[in-house]
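Sequences listed follow chains Y and V, in order.
Each residue of the first sequence is one higher than the last, beginning at 7 in this note's numbering.
Each residue of the second sequence is one higher than the last, beginning at 7 in this note's numbering.
Treat the hints as calculated values from the structure; they're not laboratory data.
Any given hint could turn out to be false.
Since copy identity is lost for identical chains, a pair holds within one copy or between any two.
When the alpha-carbon atoms are kept at most 30 Å apart in a straight line, the in silico DSSO-like pairs for lysine-lysine are as follows [unchecked claim]: (1) K59 x K185; (2) K230 x K193; (3) K279 x K59; (4) K306 x K230; (5) K169 x K275; (6) K244 x K169; (7) K115 x K244.
So you can see what is in the structure, the chains are spelled out below.
2 protein chains.
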Amino acid sequence: MNEVQLIGKRADSASRRLAVLPTAVKNAALELMASSLEENRDGIMEANLRDIKAAEKKGVSLAFIDRLTLTPSRFQDMVDSVLQIARLADPVGEVIRAWRRPNGLEISKVRVPLGVIGIIYEARPNVSVDAGCLCLKSGNCVILRGGADAINSNLAIVDALGKAAVRAGIPRGSIQMLKDTSHAAVKALLRLDRYVDLIIPRGGEGLIRTVVENSTIPVIKHYKGICHVYVDGEADLKIARRICFNAKVQRPGVCNAMETMLVQRKAAKRFLKPMLRMFMKAGVELRGCPEVRKIVPGVKKAVEKDWSAEYLDLILSVKVVSGIEEAIEHINTYGSGHSDAIVTSDYDNARKFSREVDSAAVFVNASTRFTDGGEFGFGAEIGISTDKLHARGPMALEELTTYKYVVCGDGQIRQ
Amino acid sequence: MNEVQLIGKRADSASRRLAVLPTAVKNAALELMASSLEENRDGIMEANLRDIKAAEKKGVSLAFIDRLTLTPSRFQDMVDSVLQIARLADPVGEVIRAWRRPNGLEISKVRVPLGVIGIIYEARPNVSVDAGCLCLKSGNCVILRGGADAINSNLAIVDALGKAAVRAGIPRGSIQMLKDTSHAAVKALLRLDRYVDLIIPRGGEGLIRTVVENSTIPVIKHYKGICHVYVDGEADLKIARRICFNAKVQRPGVCNAMETMLVQRKAAKRFLKPMLRMFMKAGVELRGCPEVRKIVPGVKKAVEKDWSAEYLDLILSVKVVSGIEEAIEHINTYGSGHSDAIVTSDYDNARKFSREVDSAAVFVNASTRFTDGGEFGFGAEIGISTDKLHARGPMALEELTTYKYVVCGDGQIRQ
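Next up, chain Y with everything else stripped away, as it sits in the complex (with noise of 0.2 Å):
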């Protein structure tokens, strides 16, 4: 049996005493966990210095160094998410329905957790915290498979997490990394559908392909956020304004960032030309469809396939479309079921947007940057997902969890 298997049998094996653990006990453990952060800083902090220092030398990007990077101020926020996800309620063991069957059979439909989940990232250490500490409070097993880049790093934070964790009294086997992070590695636990119940994926388009392409276990991811802010004739333009500089400019690098701005035509010229002149002030490249470029010159030419990218950077497409009908098609055709929104003050288009735009989250009158598990209240997120099956939307700790029925019943049977 090679390092992946053993993880896997080790974790499924622990899974079944895990899930059944009362909550008083995994909220000691995540307790016992910040404060063994806090006691191996400073082996942590050398761990994560040699990753940095191996990655300078290998010339990576500044951007990179960044994600890897454990500052101070980054580390206490480490210690204070585990504070916090021990806070949080415990999803395992909610009732979701109960009902009574004539025949006398009471049949409640309980949460309880998935089992075993991996979870596949690249650069950022606090992600093996982080998910590492909502899987153990949802009652599952992690497998943390990291990025190469850094591996010192994890080791030494999943190091500190999982001793603290056995010491009170959790499963051994609960949270463990994978040391081994050769691709073969990584395919090997994509393959591991005997053992992982669940593979969350984090990162750029690459990885989160490769992810799906692999896989024997089911995944749940997304792709892009290709977020559209729609301008309705009957918008409010002080709110739109508003909306569409926050939801493009507060944070462009993020997936609910807004992508594509259309407008209605009838508030096109109105509108577009103190919008836009914000927009290049904040030093956003504008790319327009030929009715934008000729209200406001200086706008570059928007191409086919402007309409179905992702910039995460201070670009933006924008498109004057000829009513509510058109900005639906436009969204459900090139967007990524992400986060999309109306700036409107009709009662009719708000009902026949927020039904008809097939995505995620809909949003009227706000900012599509609200997509997340701390501003949905969830206290916490392990991703976003744009998939249809099982979770769509912020991902947090409900998402971690399946159901069983238990039938409890005085000695019925089937006629």
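Dock chain V against chain Y, hints included.
Below, chain V without anything else, positioned relative to chain Y:
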């Protein structure tokens, strides 16, 4: 573009309109579809006769011919099931949860259709009706792919259903049948992830494995039902006998029938003698562990592979265990996560069993035969899932849906 791609594209485009149709339109369509089946009874029965004759020529088994055959009473059952589905509650539009955030955003989690569902099945023509109508009621387009041997029956049925649906205002392309019954066409369907959201295979283990191995679309399935009844030391043995007999004998060929009976050592002597005599009288072949064979001579020897066998027949493996721990361990090791029961009068053991057995349905003092959409009160069933993602246990209308978040604000932006 070949037939499969055309069908996929047509379904995808119809799905947007079908998803937002009012319940009344869908129900009126279902009623018209039931009438249309009746009006086309002669043509459908004639097509079925052609299928039967062709199958007989090929020399298939009598059981196969039986599954293929539409008797007058089975035809009536099909019509009734359409009317029954019309009367079920529409799952679409249910607000699963709604809350207000401190910043005033109002978030609703709303139930919506999945989109396009592919159903792959074997000889039974009634699946075309059940699956087609359940998908329609839940707002999903359906692509049906029945077995080659039932092609004439299926085409006649789907023609009758589809024309009536369109007459009632359902978008063309909502119910389609794959006419090409080649393996290549199925494989092409399984890779249509651009248009199809979910595949549900219904049939034997071989069919299901082929589907899982070739699909790039999420699949919900169950491979096997290796169901257990554990008779605890503290059981009411009269109830235990009734439940075990029902679970094995009432309908041995289905997935929720008992395949292995576990008996606690303390109860073994008193329980096994009369119980196994009852089974023998009913023609059940028994395969036991050494202890069972000591208590009741004449029982065949169970070998290792008996513990993971799905007999689907009047055969039962029987094992004496030391207690609830061993019973749970046996079930979690050899079972298929489908349906497992305990018979006990002990409160703690009832709780322990229902928490620690990792199956879709866990029964206390009731027969495993109750795992069924109808028996659970769902009014219908499109299949049973032993998967943990999205749906577990009996699947009906709700399990054919997903959700979206609708977020309403008055200009909120993210800080």
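For each hint, the structure was consulted:
no.	hint	in the structure
1	K59 x K185	within (19 Å within a copy, 62 Å between copies)
2	K230 x K193	both (23 Å within a copy, 27 Å between copies)
3	K279 x K59	neither (48 Å within a copy, 74 Å between copies)
4	K306 x K230	within (24 Å within a copy, 59 Å between copies)
5	K169 x K275	neither (63 Å within a copy, 47 Å between copies)
6	K244 x K169	neither (54 Å within a copy, 50 Å between copies)
7	K115 x K244	between (47 Å within a copy, 28 Å between copies)
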